[in-house]
Each structure stands twice: as C-alpha cells, then as structure tokens.
Amino acid sequence: MELSPENPLSAEPEIETSHPEEFVEQLRCVSDSLPSRINIDAEGVEQGLAKLVLTLIEFIRRLLEKQAVRRMEGGDLSPEQIEELGLALMKLEAKLQELKTQFGLTDEDLNLDLGPIGRLI
Amino acid sequence: MSTSFDQMIVSEEWDSTDLSLLETLDHVLNRGLVIAGEITISVADIDLVFVGLNVLVSSVETAHEVLRKRQTE
Amino acid sequence: MNLYAYCLVEDVDALDAAPLGISGAAVRLLRVGEFAVLVSNFDSDTVAVTRENALNHAAVVRSVLDRTTPLPFRFGTVITEKQLSSYISARKPALELRFALIRGCVELSVKIIRELSTEKSAPGEITSGTTFLEEKRREIRGSEQSATEANDIATWLHEQVETLTRDEQVTVRPSEKLVLAAAHLMARDKISQYKEIMAAAREKRPELHFLFSGPWPPYSFANIELEFKSQFGVS
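Residue numbers (our numbering), protein chains in the order written: chain A, 1 to 121; chain B, 1001 to 1073; chain C, 2001 to 2235.
Everything labelled a hint here was simulated from the structure, so no lab data went into it. All values reported here derive from a predicted model rather than from experimental measurement. Among these hints, one or two may not hold up.
Estimated spans, in silico, between C-beta atoms of each pair [to be verified]:
id, chain 1, residue 1, chain 2, residue 2, range
1, A, P20, C, V2170, 21 to 29 Å
2, C, T2131, A, H19, 31 to 39 Å
3, A, E21, C, K2195, 19 to 27 Å
4, A, R62, C, T2148, 34 to 42 Å
5, A, Q102, C, R2166, 33 to 41 Å
The beta carbon of each residue, even a glycine, is placed where N, CA and C say it ideally should be.
Given these sequences and hints, build the entire structure.
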C-alpha cells in the first residue's frame, strides 16, 4: 500500500465518457439520498401529504395489477371475471391519474426512494 | 421523494451542464461520513441551506453524566 | 464557534498548503486522539449549498489524497470541537476499522446508461377490461425482463473488476436510463490496470453508455452510521 509521491494523482478527478449530454441529463434527475426538504409554505405542506397518500395508493394499485395478471395467467379466472377485473383496474388507474393531475404530481413525484432497497415503484 | 437536487440545478447558481460539477456533487452531497443529521430548507424553492442537526453525535461525557445523576438520586 | 469538518486523516502531522475551504476560510489540522481532522472556522449553523462551497469541500478533501487516504465527511458537517472529539472517541473502533478498509486506496466511479425501450400502446385503444389486463401483462413482463437485464449488467461489471477491488458500492435502477452507478475501492497501484480493463469492457458492450470518473477520495466507503433520514419529509 505504497503511496507514490513521484506519481501524484491528478489534481482534478478525471471524467471520461463519450456521452456527456446524456449523463448530464441523468445526473440532474437523479434523486438520491439527499436530505428531506422542508418547504416553508402552506401549499407545500398540503402537497407533501397528497404526495405521500397517493404514493401509497399507487403502490397498492400496482400490486393489484400484478396480482390480477398473475391470476389471469394462472388460468383460474373466467373470461367474464377477467373482463370485470380489467375494467375495475382501468377505472382505478384513471381515477388516480385524475388525482395526480389535481395535485400537480407526476409519476416521478410518487416514486419513493427507499435508499439501499431501491425505489418503491 | 422530491429532490432538492433538481431544485439546486434549476437555480442560477449552477451551470447545469457541467458534468464535472454534477459528478462532484454526487460524491460530496450523497456520500461521505455522516455525523450529523440534516434537513435542507428551501424558501420559495430557491434557497437551499443545510442545517446540521448533530443528532447522531453521541457525547460520551453526557452519557456518563446521566448515569452519575441516576446513581446519586 | 463552529467548525466545518472536511475529513478525518491518520498519520498526518502537518498540512502543507491546503486550498481555502467553505466561505473562503483557511483550513487547518485539528488533532483528536490518534486521528486528525481537517477543519475550518465557521460562524453559522447552516451551510449554503452553492457551487463554490461544494467545489471547495471537494478540493480540500482532495488536497491530502496524494499523501494519505482520508475519510471524507459528507458536505455540510458543521460541528463544535467538543462534539467532534466526543464523536471520535465514541466511535474509535469503528473508525479504525473503516481506515483499515480504505487505507492506501482510492475510489473510482462507473455510471452506465442504457436505452430503455418503452412501447406503450396508444391511449384510447384499450376498450375492454381484458385488453387492459393483457396490456398490463405485457408491461409487467417487460419490466421484469428489464430488471433481469439490469442485474445482469451489474454482475457483468462486478466480474470485470472483482480481482482488483477491495470493496464496491453498487446501485441498480432497472426502470431508469441511468441503470447503474458503481463505486469501486482499490489500492492505488491498481488504477492503471482498472482503467485498461474498463476500456476493454466498454468495447464489449456498445449498447451501453459509460461514464468513468476518479480517482476520488473514498466518499462512498466512508459512512459508518446507519443514516437517519426521513423519507416522508414534507416538501
């Protein structure tokens, strides 16, 4: 573990890529483990709560979809049941979309970062 | 969750196309030894300020003090 | 009087010229037991996250990298001397272990972008519950495949460098373009070998876009605490 003062490391960390614009775009969007933001204005608080609630609903909705697909593939649902299930889930998706729009939230907003476990969705 | 990272980039302070800066930010802001809890405060989505809360700093002396107090009560 | 703390070091008795720190303050060495800390005076509780401060922080930590491997603090570590001393004496064994891991090493980073193929059916085409579910099934199978591929990329990358690295921190995000971010910890004499291997590896995967950066002080390998973060912070 010898350090070699004769070959010092370069003063700036070197960056090397053949696609700088793509990485700029991605690194700007990466919402990593940054400290939580506290927005000092009332609207922000309400939006924060809406975001939390909708995130959980969205999570459950996706679980339901996955379950429904699994049941459909498993072959234990009749065509009528599949149709009914599909319609119900379709309406749920539309309803949630409505709510997102109402609160001005995007899909990205609803994606909780759970740190080492990864994203919620 | 909402990213102050996004907000920081939007502010005029940052040259948002500077890849070297973004990589540096990724290292100094997202990693490193954390000895203080922190919250980031933004007002009207513009200013971002780190508040060091020192919640994780354990004072050995304080812990001993508490024990000593209990023993004398 | 608060201090702004940049990094912990071992085996350093004196600082040669260090760059200016946060808010242009002078950086000095504070001895704490068997360790020392690079600090500067700081007269507030809050640090503005500005470009200049972030770069200054990085430069200060970087300035000792030629002679030793520091244990970098995260940006924004504002603390009193007393708290710093308490912390270091309370965490001494863990810090010693951490230094044992990073001693003589540097960190090199890899980030990988892959193109996502998102074929969603045009809205309005789905008229029945059954076609809705069938479309969902296609999407779900697609993203499962995507996750498998993402993990394959991570495994492949790991195999390229596992003989060179002492440790690694990898984040995989299957549903994103930036599918992987890896930090590799390695001894300094392995750097050129690592670079050669990475250059060759990237040729083998033309469908992926790579970003390499480094060498860095070992930011990704510094933390010894379980981080307390409120994931549901109001924002």
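Structure-based check of all given hints:
1. A:P20 with C:V2170: 21 to 29 Å: 22 Å, holds
2. C:T2131 with A:H19: 31 to 39 Å: Taking Cβ atoms as reference, T2131 of chain C and H19 of chain A lie about 38 Å apart, which means the hint holds.
3. A:E21 with C:K2195: 19 to 27 Å: 23 Å Cβ-Cβ, so the 19 to 27 Å window holds.
4. A:R62 with C:T2148: 34 to 42 Å: 18 Å, violated
5. A:Q102 with C:R2166: 33 to 41 Å: 51 Å, violated
The structure shown violates the earlier hints numbered 4, 5.
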